[in-house]
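Given only the sequences and the hints, what does the whole structure look like? Please build it.
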Amino acid sequence: MTQPWTDAANSDCILVIGANPASNHPVAFEYINEAKKKGAKLIVIDPRISETASKADLFAPLRSGTDIALLGGIIKYVLNDIEKYPDNYNLTYLKEYTNAPFLVNPDFKGPADLEGLFSGYTEDGYDRSSWQFQTDAAGNIKIDKSMSDPECVFQLLKKHFSRYNPEVVENITGTPKEIFLEICRTYSATGQKGKAGLIIFSMGGTQHTHGCQNVSSYNILQLLLGNLGISGGGLNALRGIGTVGGSVDMGLYPGVFPGCPQPLDIDTSLEKYLERVVPVAKDSKSLNWLNNMSKYFISLLKAWYGKAAQKDNMFGYHYLPKINVNEDYTMIAMAEAMKAGVIKGLLCWGQNWAVSGPNANAICEAMDNLEWMVIDEIFHTETTDFWHRPGVNPAEINTEVFLLPALNGLEKEGSVSSSHRWLQWRWKIVDGPQEARSELWIINKIAAKLKQLYAQEGGPSCESITNLAWDYGDTPDPHQVAKEVNGYDLTTGKLADDFTKLKNDGTTSCGLWFYSGQYTEKGNMMARRDPTPNPLNAAVYHNWGYCWPLGRNIIYNRASVDLNGIPWDKEHPVIWWKNGEWIGDVPDGPAPPMAEGGYKPFIMKPDGVAKIFTNGLADGPFPEHYEPWESPVENQLSRQQNTPLIKVYRPEEWCDSEQYPIICTMYRIPSGWNSGAMARNLPFLIELQPEAFVEMSEELADSIGIANGDRVIVENKRGSVNMVAMVTKRFMPFIIAGKRVHQVGIPWHWGHTGLSTGDTANNLSSFTCDVNMMQPEQKAFLVKVRKA
Amino acid sequence: MAQMAILYDATRCISCRACQVACKQWNDLEGETTSNWGSHENPRDLSLNTWCKIEMREIKRDNRVDWLFNLRSCFHCTDAYCKDACPVEAIYHTAQGFVIIDHNKCIGCGLCVKKCPFSVMQRRKAKGAVPQKCNACIFRLAEGETPACVKSCPAQAMVFGKRDDLIKDGRERVQRLREGGNQSACLYGEREHGGLHVLQVLSNAPEVYGLII
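Heads up: the sequence lines are chains E and C, in that order. Going by my numbering, the final residue of the first sequence carries number 788, and the count climbs one at a time with no gaps. Going by my numbering, the final residue of the second sequence carries number 213, and the count climbs one at a time with no gaps.
Possibly wrong hints are sitting among the right ones.
Claimed, not checked - Okay, the calculated beta carbon distance ranges per label pair:
| no. | chain 1 | residue 1 | chain 2 | residue 2 | range |
| --- | --- | --- | --- | --- | --- |
| 1 | C | Gln25 | E | Asp702 | 37 to 45 Å |
| 2 | C | Arg61 | E | Arg740 | 18 to 26 Å |
| 3 | C | Gly128 | E | Glu435 | 43 to 51 Å |
Said to hold, decoys possible - Calculated pairs, DSS-like style, for lysine-lysine (alpha carbon to alpha carbon, straight line, at most 25 Å):
| no. | chain 1 | residue 1 | chain 2 | residue 2 |
| --- | --- | --- | --- | --- |
| 4 | E | Lys729 | C | Lys60 |
| 5 | C | Lys151 | E | Lys38 |
| 6 | C | Lys151 | E | Lys37 |
| 7 | C | Lys60 | E | Lys177 |
| 8 | C | Lys115 | C | Lys127 |
| 9 | C | Lys168 | E | Lys38 |
| 10 | E | Lys729 | E | Lys739 |
Read the hints as simulated data drawn from the structure, not as lab findings. Note that this is a predicted model, so its numbers are computed, not measured. Positions of the beta carbon are idealized from the N, C-alpha and C atoms, including for glycine.
Below is the structure:
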């Protein structure tokens, strides 16, 4: 999230799309309710009336997978409105803080001209040279501040979304035109200086084959309205689980190390790697903070390899595994590699992917083929027990499974990274059972043993392990790890103050640069619980836990002020340049305002501005509506049915709409916690919702002879589920291009273990992904439904 | 001592059911065995083990569907029918206005159960069985704490305080809702049965929620 939850209370209009915070982040509603009390409007966009929608001032039904059609329509409305009533918008923000005025290569063409494709399409991916900006002789990007040049981003954006008129939006999304227009009018009003609109989204937006482009569409709207960096505004991605923030930050994703990209095989030296990944800024007004990457990468190597990382051995660069840019190491590829016998063993850290992973049957079949698996858990789950799940014969599964009893969050110390970047230390409050151990203890043992074995027996690239600075003793102390992540000045042995002190000469170490500051000589900053808010903005807290980076609560906050450092909204300021210094939140860099020689606000981008034209994404510099892989209708917008770079692992499992006419999505309920490993073992929660179910409209239920509470079978080529039908007025059929289309929704919490068992909704989803981040399309696919 | 009350705001409630669970946990009640009868709402009604629950209703009017939530629990009436019905004066009001059953005096006749207009009293059908219902967490109140349900509400949809203050607060909320376009918004509990100690801000008329007037 770009803002803390507390800041939602400052919003004038909160737009929730692809998320259900009432059910899944209920604490959010303290602040959303506060905003509403002050007169803010809540707009909720969802395929059905969810708990969040029950509190909406304006609810818009949306067919799953069509966010871009809707957002594109709103963007078109705003672009027209900006030209009619420019004073209602913040044009300075648009011109100075975004790439709207940048000139694009005149060879660039988009779907309006190319039948749904962008210029540069090849079967192996887009050649993005026509997506680059025009530069002058000195290499500076050419800019048209009037934003009237047909080659500037603003005009290209207008041309791109000119096809997204209200009738087209209605035909594709199923959102009635009047409701769509009311959203446009209501939300565009936040474009005024002094008004703020917040967009909240979650997996309903991201888990699509065009998920990254969905998010880009939310981002473009926010930038046109000047809503990023200001109080009450922002783009808030809600984390799906308490541990994912920390996991992502720590680089638990292929191709990423903590805070830095993972080196590729083409990076044959440290120098070559840094040359490739460290961005260079031409613009002197761009701070280009990632230019500091060498300090962070080398400090990381010092944290990992200690004395074995020196200048003369490139700080241990050759100990690092390198990856091939064409190889796919993401989750589905991993499962397929297990199925193929390429991956023989798995260390599974409290992950219940037999329930949460797409195409759950295929995931289990992948594990069937492993030689061994180690899993730590606090309860038996569908993943610990995959080898004796219903329908399989354990005697035929040769995987040797080691189940290690783990400690849960209350039985050990450590930190958790919230959705809004607050690192909060948690204390142990109760002893765990018998021999249960923390994952820290377990991994420490494994690593120490590996180190010992490699030292004795050698092995390929064994220095990667043997040279690790791994000395946590027998009982590792999470404080020691937290300090290592914070980093040290190795010349003095003192903890680093923060990442601005890190160096690239081997004199500093740091396990994750943007967490630096979390544990300093002043103590464990994450353990602080001072509820005193910042005097300038009561939504901002500097002394409650540690907000990364550097205590900055609202990021991109230099966009909350004009070129002189004066807030656009003086009643809800974030930072304010007064008497030669910034007051308020931690500014995005201490330099003065731009008019006094400071730099552009989006300091993490080489150009210093926010991207409306996203030429770094693999599948397009603008979001374009494409249908989900499985859809009951043809794309109304172009001949390109799906996103052209769609990643399909099992084309033979595609479901056609003749046999499988119903759209299916998945979501969560308040009493079900993700894969149910904990929730389905707790009687209080099971009482609230004891059985798996599928929600459907009264119209669909009538058409197949289902009464509320009947059992139904929902099935497709990947699998089937047998569940209770919850027939509800809150789901309504969509009219898509004149055709009546039904959608159902299934909470995905259930599986065959625990006190409350039921079928796994992910039996139905597929191995199909977004090419940028490889997240699976778990939110829109096809099924058929019949009475059980 | 001032009359106290709980104000529940149905327009802020998100049906997370933290209140339902917190009540059970505090009062050492068990999780019931339920089944999915085609609703998010469970258990279906109050019971010996469920003293507080959220009800859900889907109302379709014209083209609009509303999903309404409200709190179902003892209302702690000023004119308590249960207290009037009790032949042995086992039911009394605390100084703060909450209706409590004295288990030592109760003879388990079950008359209060029949008389409660909201049917919140729950009792095992056995001779001498004492009825169960919300007791406003009086032991928590004695320690200066709020009732467990109020404490647990993440959306701040429940507030505990002086009844007069909460009536004022409730009226202001209704006023704001009406100014925002909802003419059906109302405050339930100001005068019903002599005045209830669980007040509810509702987005629709009480009858829509099955509440008597």
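Tested hints:
1. Range check, glutamine 25/C to aspartate 702/E: about 41 Å between beta-carbon atoms, so the 37 to 45 Å window is met.
2. With their beta carbons about 22 Å apart, arginine 61/C and arginine 740/E fall inside the hinted range of 18 to 26 Å.
3. A beta carbon spacing of about 48 Å between glycine 128/C and glutamate 435/E agrees with the range 43 to 51 Å that was offered as a hint.
4. For a cut-off of 25 Å, the pair hint linking lysine 729/E to lysine 60/C stands: about 7 Å separates their Cα positions.
5. Proximity of lysine 151/C to lysine 38/E is assessed by CA-CA distance (about 23 Å); at most 25 Å being required, the pair is judged to hold.
6. Annotation: proposed proximity of lysine 151/C to lysine 37/E holds, straight-line Cα distance about 20 Å (limit 25 Å).
7. A distance of roughly 20 Å separates the Cα atoms of lysine 60/C and lysine 177/E; the hinted pair therefore holds under the 25 Å criterion.
8. Taking the CA atoms of lysine 115/C and lysine 127/C, the gap is near 18 Å; set against the 25 Å cutoff, the hint holds.
9. Taken as a hint, the lysine 168/C and lysine 38/E pair is honoured in the structure, with Cα atoms around 17 Å apart against an allowance of 25 Å.
10. Proposed proximity of lysine 729/E and lysine 739/E is supported: the alpha carbons are some 20 Å apart, at most 25 Å.
Figure legend: structure checked against the earlier numbered hints; every hint is met.
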